[in-house]
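Asker: Chains as they are written, first to last, in the working numbering: chain A, 1 to 560; chain G, 1 to 560.
Bear in mind the hints are in silico, worked out from the structure with no lab data behind them. Among the clues, some could well be false.
No copy labels: a pair is met if it fits in one copy or bridges any two.
As the list claims (entries may be wrong) - Derived SDA-like pairs: lysine to any residue, alpha-carbon spacing no greater than 20 Å straight-line:
#  : residue 1 : residue 2
1  : K109      : R89
2  : K187      : V427
3  : K544      : P294
4  : K545      : R114
5  : K109      : I275
6  : K545      : H113
7  : K118      : V414
8  : K406      : S365
9  : K109      : D52
10 : K406      : Q48
11 : K187      : S364
12 : K545      : G452
13 : K544      : L53
14 : K286      : G319
15 : K544      : D52
16 : K406      : L386
17 : K187      : P126
18 : K109      : K544
19 : K109      : G548
20 : K109      : R436
21 : K406      : R355
22 : K544      : Q247
23 : K406      : E390
24 : K406      : P328
25 : K187      : V361
26 : K118      : E62
27 : K545      : G189
Protein chains: 2
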Amino acid sequence: MTPVPTDSSVRVVALGGTGEIGRNMYVVEHAGRMVVIDCGVTFPNPDQLGVDLVLPDFGYVEDNIDRLEAVILTHGHEDHIGALPYLVRTVGPLRVVGPRFTIGLVRSKLDEHRLLDKVELEEVGPGEGPTIGPFRTEFVRLTHSIPDCLAVALHTSAGTVVHTGDFKFDHVPVAGTPTSDVAALAKLGADGVMLLLADSTCAEDPAAPQSEAGVGRELRRLMATAPGRVIITTFSSHIHRVQQAVQAAYDDGRVSCLLGRSLNRNVGIATNLGIMDVPPGSIVKKPRDLENYPLDEQVIICTGSQGEYMAALSRMARGEHHQVTIHPTDTVVFSSRTVPGNELAVNDTINRLVRIGASFVTPSSHPGIHVSGHGTSADLMWMLQLLRPEYMAPIHGEARHQRAHKQLAVRSGVAPDNVFCIDNGDVLEVGDRGGRVVEHIPVGLTYVDGLGIGDVADEVMRDRRHMADDGVVIIVATVDVENGGLIGDPEIICRGFSSADDEELMAETRLAVERSLAGSGPQRVDDLTVVQHQLHDAVATMLKKRTGHRPMVLPVVVEA
Amino acid sequence: MTPVPTDSSVRVVALGGTGEIGRNMYVVEHAGRMVVIDCGVTFPNPDQLGVDLVLPDFGYVEDNIDRLEAVILTHGHEDHIGALPYLVRTVGPLRVVGPRFTIGLVRSKLDEHRLLDKVELEEVGPGEGPTIGPFRTEFVRLTHSIPDCLAVALHTSAGTVVHTGDFKFDHVPVAGTPTSDVAALAKLGADGVMLLLADSTCAEDPAAPQSEAGVGRELRRLMATAPGRVIITTFSSHIHRVQQAVQAAYDDGRVSCLLGRSLNRNVGIATNLGIMDVPPGSIVKKPRDLENYPLDEQVIICTGSQGEYMAALSRMARGEHHQVTIHPTDTVVFSSRTVPGNELAVNDTINRLVRIGASFVTPSSHPGIHVSGHGTSADLMWMLQLLRPEYMAPIHGEARHQRAHKQLAVRSGVAPDNVFCIDNGDVLEVGDRGGRVVEHIPVGLTYVDGLGIGDVADEVMRDRRHMADDGVVIIVATVDVENGGLIGDPEIICRGFSSADDEELMAETRLAVERSLAGSGPQRVDDLTVVQHQLHDAVATMLKKRTGHRPMVLPVVVEA
Numbered sequence: 001m002t003p004v005p006t007d008s009s010v011r012v013v014a015l016g017g018t019g020e021i022g023r024n025m026y027v028v029e030h031a032g033r034m035v036v037i038d039c040g041v042t043f044p045n046p047d048q049l050g051v052d053l054v055l056p057d058f059g060y061v062e063d064n065i066d067r068l069e070a071v072i073l074t075h076g077h078e079d080h081i082g083a084l085p086y087l088v089r090t091v092g093p094l095r096v097v098g099p100r101f102t103i104g105l106v107r108s109k110l111d112e113h114r115l116l117d118k119v120e121l122e123e124v125g126p127g128e129g130p131t132i133g134p135f136r137t138e139f140v141r142l143t144h145s146i147p148d149c150l151a152v153a154l155h156t157s158a159g160t161v162v163h164t165g166d167f168k169f170d171h172v173p174v175a176g177t178p179t180s181d182v183a184a185l186a187k188l189g190a191d192g193v194m195l196l197l198a199d200s201t202c203a204e205d206p207a208a209p210q211s212e213a214g215v216g217r218e219l220r221r222l223m224a225t226a227p228g229r230v231i232i233t234t235f236s237s238h239i240h241r242v243q244q245a246v247q248a249a250y251d252d253g254r255v256s257c258l259l260g261r262s263l264n265r266n267v268g269i270a271t272n273l274g275i276m277d278v279p280p281g282s283i284v285k286k287p288r289d290l291e292n293y294p295l296d297e298q299v300i301i302c303t304g305s306q307g308e309y310m311a312a313l314s315r316m317a318r319g320e321h322h323q324v325t326i327h328p329t330d331t332v333v334f335s336s337r338t339v340p341g342n343e344l345a346v347n348d349t350i351n352r353l354v355r356i357g358a359s360f361v362t363p364s365s366h367p368g369i370h371v372s373g374h375g376t377s378a379d380l381m382w383m384l385q386l387l388r389p390e391y392m393a394p395i396h397g398e399a400r401h402q403r404a405h406k407q408l409a410v411r412s413g414v415a416p417d418n419v420f421c422i423d424n425g426d427v428l429e430v431g432d433r434g435g436r437v438v439e440h441i442p443v444g445l446t447y448v449d450g451l452g453i454g455d456v457a458d459e460v461m462r463d464r465r466h467m468a469d470d471g472v473v474i475i476v477a478t479v480d481v482e483n484g485g486l487i488g489d490p491e492i493i494c495r496g497f498s499s500a501d502d503e504e505l506m507a508e509t510r511l512a513v514e515r516s517l518a519g520s521g522p523q524r525v526d527d528l529t530v531v532q533h534q535l536h537d538a539v540a541t542m543l544k545k546r547t548g549h550r551p552m553v554l555p556v557v558v559e560a
Numbered sequence: 001m002t003p004v005p006t007d008s009s010v011r012v013v014a015l016g017g018t019g020e021i022g023r024n025m026y027v028v029e030h031a032g033r034m035v036v037i038d039c040g041v042t043f044p045n046p047d048q049l050g051v052d053l054v055l056p057d058f059g060y061v062e063d064n065i066d067r068l069e070a071v072i073l074t075h076g077h078e079d080h081i082g083a084l085p086y087l088v089r090t091v092g093p094l095r096v097v098g099p100r101f102t103i104g105l106v107r108s109k110l111d112e113h114r115l116l117d118k119v120e121l122e123e124v125g126p127g128e129g130p131t132i133g134p135f136r137t138e139f140v141r142l143t144h145s146i147p148d149c150l151a152v153a154l155h156t157s158a159g160t161v162v163h164t165g166d167f168k169f170d171h172v173p174v175a176g177t178p179t180s181d182v183a184a185l186a187k188l189g190a191d192g193v194m195l196l197l198a199d200s201t202c203a204e205d206p207a208a209p210q211s212e213a214g215v216g217r218e219l220r221r222l223m224a225t226a227p228g229r230v231i232i233t234t235f236s237s238h239i240h241r242v243q244q245a246v247q248a249a250y251d252d253g254r255v256s257c258l259l260g261r262s263l264n265r266n267v268g269i270a271t272n273l274g275i276m277d278v279p280p281g282s283i284v285k286k287p288r289d290l291e292n293y294p295l296d297e298q299v300i301i302c303t304g305s306q307g308e309y310m311a312a313l314s315r316m317a318r319g320e321h322h323q324v325t326i327h328p329t330d331t332v333v334f335s336s337r338t339v340p341g342n343e344l345a346v347n348d349t350i351n352r353l354v355r356i357g358a359s360f361v362t363p364s365s366h367p368g369i370h371v372s373g374h375g376t377s378a379d380l381m382w383m384l385q386l387l388r389p390e391y392m393a394p395i396h397g398e399a400r401h402q403r404a405h406k407q408l409a410v411r412s413g414v415a416p417d418n419v420f421c422i423d424n425g426d427v428l429e430v431g432d433r434g435g436r437v438v439e440h441i442p443v444g445l446t447y448v449d450g451l452g453i454g455d456v457a458d459e460v461m462r463d464r465r466h467m468a469d470d471g472v473v474i475i476v477a478t479v480d481v482e483n484g485g486l487i488g489d490p491e492i493i494c495r496g497f498s499s500a501d502d503e504e505l506m507a508e509t510r511l512a513v514e515r516s517l518a519g520s521g522p523q524r525v526d527d528l529t530v531v532q533h534q535l536h537d538a539v540a541t542m543l544k545k546r547t548g549h550r551p552m553v554l555p556v557v558v559e560a
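Chain A extracted, bound-state conformation (with noise of 0.2 Å):
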């Protein structure tokens, strides 16, 4: 990417984040220095066969690293700061600026990954931060499904780029303190904004916006008239449902018990920073220690609400978690919504349930049961009619968001065409010259695969599915090295191939190599690739016409 930007402008390239909804990762770049906003990673979906997650492209933060000032993050999620180690891993110590919670949520990532002492972090809290190289930073408070997330503005000669982070408004507190700062937005849109790069996640959504705090009073309703135990689950990050959840049990005369790994590291973290405000003696720390109320008396908070195959509440449903056992007087509350692509998986957590004859609620159900942490339409209008931005790039969405996002920002009053829907790769620059997207770095996915970064190539993801489709069959032929003819009969090996057990079709395989073999007579082993070609090729056609199935054919001639 060259020229790099002068002093008079800002370019902004997102290396994950846009035309998706995951693994965010946003380059600003101003007078030839650079910071990264976010570090997320995305789960796979069932055709990236055997990748554990996506990470962003890091090819440009490597090329430029010299370049790079901090890494600043806007909130805990996963999709957020999730590659950081990642990252680490790949380019080298870093600066890490983010909100207190985010900031615990890291360090005990990166003490998992050994990476701890590679990274300089910094907490930040709303008003002015520091200033980064050319970057003078301020944080504004905002509301979202974790606590402790912060709006980040980068002032430069060049003008101001406001980075929304993931948000929504919601003026009914659950914690102490009000939670999204519209002063201090008003505020910056008064001084002006250039750029404005915003959450596009429930843009489509015309639904009036809805209060964390109404999930408390469902909650309240639900247990009040429970039979036996509530069971509720919901993200592990979600601090103030959880909060929640325990305070209304709390009320009900029950006591609260929290399952799952990531569930109480978390609300560890956040106890730990008093962000987490619940009644002395609400919490139960064991299992075990349950059994010493009625039934009626218990709430257990459990993470599963995607239906996690190893996540609590999906072994809880399959009679396989050790403390822990579902009763049919149990109510289970998912306090969540489906993340697209988990439907079939909630579903079988939710038909176990049911067997066993527990009752379950959901928000088809009981729509109060969950609200989302990002804004609809009305939000996105005030943040923009906050913010008044010059230029805007609807960005955290797939094309679908962020073209209903751009509809909203035009409307809003900003120009048609100073609202950018970039992709991934595209460089955005805004500056005295006006806005327009300058160049396009190629950008890819990169896969976590076992300890591996990044190394599952095209071809190797095409062979998993070739595998994952009609199997492998490997046909073994040792050959005569003088004079080509097969030694003794060919071996055949099979795996994931469904006809394995047909002996005739095995008997008519054999046959089928001894006839390629005995055809490549005259030409003799010279050239053992082009006898192993024409192997392949025989063994693929019988088989394909005999079963209607193309296993991979891999040959193997050995010459003795």
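Keeping the supplied structure of chain A fixed, place chain G upon it in accordance with the hints.
Answerer: For chain G alone, kept in the frame of chain A given last:
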């Protein structure tokens, strides 16, 4: 299953369709004879790697084929007729009874499978049907999202069994005739229904029933305001939806064109049978003919509502359709619900349309654009009130839907102990000795995989999953038959293994092979299995440690 039911009782076994949505197949037995109601397929979920279709377990029918009188079909959806060709291939010639349009679809399907001569097809209409062994049949017209749906009553000396098929009540006919024969149901109820088997799909849904005619009105509104072409995607067998779209287009001064193989086949069959009624000249046959009309005088009706990769809309969205290119002024209407599991594929289609600039309409944004063919709880209550069965089994649904339906049945007055949420394989006996599940027949999943039926063993599926996750590493080692020593370098073949390009790792693998074979030197190659086991463990352990992966390791030791 012994003993065979007596003249004073009836037995019902679901071979597929309970505890799940899909592959409906119910056996009804009386006086030693049996009929099968429906014979459908399910499409595989992403875990069922490489599987084309999932069938009911035919084992029980195979074992009792001499007692089978006929297969009765209630309507023509794939989850009710799709497995018929495979049943014929498994058990031989059959008598098949069903409504006219269903028989038309089945005829076309059997013809494709070249099995038409094996099946005696018999059309039935509403009213008295043939007597089939000890079963006197009676059919009642009901409404669903495909024309020509019949509930079936089996009158026996023990009492009457009613199977609803899939249904809702819709008193506003799209076609000329009333769509549900309420009077016939009331008469059945008055004469006495012993056992009701009824569709549970939407039992959880408290919404008021909605008429198909309303969709027609919504389509008219959309066409009246659409700036350009309107592209409508829906289920290919939903003839009345297609008819309404074509009529709305005609009234708006547009021509229609149908795209998609299954859609054209189904509409062709419906037209030949006089079931589809559209104005002459309202449909152009060839997509090319659309070029004679401006965009805003065109409607395209096409397949692809589920994001199926090869369907017409999916190919248009990818820019890979040979005859139709999406325009930015196009409005694409998803007149369909998204079947669970297809969410990501449908969303991908939508995002591709957005990138081209087209508008889209879904039931989320326009609820009137689709109505379900399954009755909500109000309709199910109507059915229960009309038939007043003594015993009831909720079928056609997952455990959650069956339980919700049971609750409705109990509220309608059926004794709680007389409602049976059966699972596939449960043998429900109802008669003069009351009703109870007397036995459970083991039933499994039968897969269609390539040309084979039922031949995907659990082990094959496990191997596919293993290779899909981590690939395969094949070790070819040639050893001296005399002393067990390695001859030459071992060959390493990797497929789907993401570290295959790591030269250092490959060298280390070869070293592990050499060490393992050297270690097995003394015992020589007397026992090749032991040598291969050791080789497998040595390489697998090393690869796991170095890469975090567990590829399938296949050692091939060749003696020379």
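Asker: Can you tell me if K118 and V414 fall within 20 Å by alpha carbon in one copy, between copies, both or neither?
Answerer: Neither: 42 Å inside a copy, 69 Å across copies.
Asker: Tell me, please, which holds for K187 and P126 at an alpha-carbon limit of 20 Å: within, between, both or neither?
Answerer: Result: close within a single copy only, 14 Å intra versus 73 Å inter.
Asker: Check K109 against I275 for me: Cα-Cα at most 20 Å, and say if that holds within a copy, between copies, both or neither.
Answerer: within (19 Å within a copy, 64 Å between copies)
Asker: Pop the pair K545 and H113 into one bin, within, between, both or neither, using alpha-carbon distances up to 20 Å.
Answerer: between (51 Å within a copy, 16 Å between copies)
Asker: Since the copies are identical, ignore which copy is meant and state whether K406 and P328 lie within 20 Å (CA to CA) inside a copy, between copies, both or neither.
Answerer: Close across copies (16 Å), not inside one copy (49 Å); limit 20 Å.
Asker: Indicate which option fits the pair K545, G189 if close means a Cα-Cα distance not exceeding 20 Å: within, between, both or neither.
Answerer: neither (69 Å within a copy, 54 Å between copies)
Asker: Measure nothing new, just compare the shortest in-copy and cross-copy C-alpha distances for K544 and Q247 to 20 Å and report within, between, both or neither.
Answerer: Neither: 63 Å inside a copy, 46 Å across copies.
Asker: If the cut is 20 Å between Cα atoms, do K406 and S365 qualify within a copy, between copies, both or neither?
Answerer: Between. Shortest inter-copy distance 18 Å satisfies the 20 Å Cα cut-off; intra-copy 33 Å does not.
Asker: Regarding K406 and Q48, is the shortest C-alpha distance of 20 Å or less found within a copy, between copies, in both, or in neither?
Answerer: Intra 31 Å, inter 40 Å, cutoff 20 Å: neither.
Asker: Which holds for K187 with V361 at a C-alpha limit of 20 Å: within a copy, between copies, both or neither?
Answerer: Close neither inside one copy (43 Å) nor across copies (39 Å); limit 20 Å.
Asker: Go through the copies and call it for K109 and R89: within, between, both or neither, with a Cα cutoff of 20 Å.
Answerer: within (13 Å within a copy, 57 Å between copies)
Asker: What label fits K187 with S364 when the C-alpha limit is 20 Å: within, between, both, or neither?
Answerer: Intra 40 Å, inter 37 Å, cutoff 20 Å: neither.
The structure is inconsistent with the numbered hints 2, 3, 7, 10, 11, 18, 20, 22, 25, 27, although it conforms to all the rest.
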